[in-house]
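Enquirer: Sequence:
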Amino acid sequence: MKTKLTLLSAIILSSSLLVNPSISQAKLPIAVNGQQLPTLAPMLEKITPGVVSIRVSGAKEVRRKIDPREFFFGNPRQQRSQKQPFNGLGSGVIIDADEGFVVTNNHVIQDAEKIIISLQDGREYEAELVGTDKESDVALLRIDAKELIAVKIANSDKLRVGDFTVAIGNPFGLSHTVTSGIVSAMGRSGLNIEGYEDFIQTDAAINQGNSGGALVNLRGELIGINTAILGASGGNVGIGFAIPSNMMKNLVDQIIEHGEVKRGTLGISGRTLNAGIAKAQQLDVKQGAIVMSVSEDSAASDAGIETGDVIVAVNSNSIQGFQELRSKISTLGEGKKVKLQLIRNGKKKTVNVTLRGAQLAKVEADKLHPMLRGAALEVGTTRDDMKGIIISELEERSPAQRVGFEEGDVIVQVNRKRVSSLRDLTNSLKDINGNIVLGVKRGRDSIFLLIQ
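Numbering (the numbering used here), first residue to last: 4 to 455.
FYI, nobody ran anything at the bench for these hints, they're computed from the structure.
Keep in mind the model is a prediction, meaning the values are calculated, not measured.
Note that CB positions come from ideal geometry on N, CA and C, so glycine has one too.
Watch out, some of these pointers could steer you wrong.
[To be verified] The calculated label-pair distances, taken between Cβ atoms and stated as ranges, are:
| id | residue 1 | residue 2 | range |
| --- | --- | --- | --- |
| 1 | Gly-338 | Gln-87 | 40 to 50 Å |
| 2 | Asn-195 | Glu-48 | 32 to 42 Å |
| 3 | Thr-42 | Asn-158 | 22 to 32 Å |
| 4 | Glu-399 | Pro-88 | 41 to 51 Å |
| 5 | Glu-64 | Ile-152 | 31 to 41 Å |
| 6 | Gly-262 | Gln-38 | 47 to 57 Å |
| 7 | Gly-437 | Ala-62 | 40 to 50 Å |
| 8 | Phe-175 | Leu-40 | 51 to 61 Å |
| 9 | Ala-278 | Asp-101 | 47 to 57 Å |
| 10 | Phe-175 | Ile-242 | 13 to 23 Å |
| 11 | Ile-196 | Lys-340 | 24 to 34 Å |
| 12 | Asp-305 | Lys-49 | 42 to 52 Å |
Throw the hints in and build the complete structure from the sequences for me.
Expert: Written as structure tokens, this is what we have:
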């Protein structure tokens, strides 16, 4: 106890010496009773060479306001948009020293015509773009360089709220800036930052230019890729978000193998379990994803998943809601085997699922009607075994959402005519010139939605 108190006193003394100029002549202790004072320096010296600064340049099309006179003196179609040069800064992490692979955010390099990577030792290389996934905001680059140092990738599923974090990046062009904090939350979704969200939240200071940089644990292992901040000013307010390392690795492995991300699908629609649904369904579980419908001939139907099941864990890692489930499944990839833990009729059950590809049995709804734009449709079955067309995915602020659709809705009627397949829906919509009233099953409720 005496040693601990002495060490604590020394830390306090060190802090006071740093802020009190009247003791400027004193020497800071580096050890007390043979014990070295806490420092992250040795760990950072090993891994900061694995974090890089990224400069991009290019030109992208921007729309501008049209002067009415241009309709008389020019071609407005050619003048409504024009290419404007841009430059940008970001960060990246070397994940494979032999191959020269560098991972960053898609938004860092999007539309870039030239990507320059700067190493800590001053070397610079022009990077090759290997592949990207816009929906998850991940991009993979490659540089032809020797003597690189890669950051070891940790298992982000082992993280707990309260674990210490260190962020390394290039904020405001200040290369290899280091900040520290803790894991503030796990499984953050519903922020509408990316299409697929399963963020680590941290209070380590993250600012503009940190995007694509490393979030590491105290062992210097990569636990996430810093990607977003929450703050009206665009600066740090102690709420930053990182893509978990496991999610990043799943996506990067697919890009390396296939040149693109091949999303996995279960073939279900659902929603996040809340207190109201749990009480109504008499469920003795507080969080998870409740299955509202199951698509025919899907990975879920093959595995025996049923409507009303509550999925509570993926590969033994608990989930908080449907968006987290969707993100984990989609980034695991087509053909992957997944173990799902679920609650059915009050009993725990485990099912093994082989994920299907996202392209199976799915069409974009805007091909059927403009007001359905932003929805994806699959054939499935409602809770009471009525066959219909499921709204399996729905983009935020899309025409389909403005009409009133929600993920998990099942279309069963068009102007009171029964539809049970995509062909039925296509034929019914094609023959109507005026207003269209869709009969929709939403959980146990039946509603009508008008599209014009």
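Enquirer: For which of the previously enumerated hints does the structure constitute a violation, in increasing order of number?
Expert: Numbers 4 and 8 - these are the hints that the structure violates, sorted from lowest upward.
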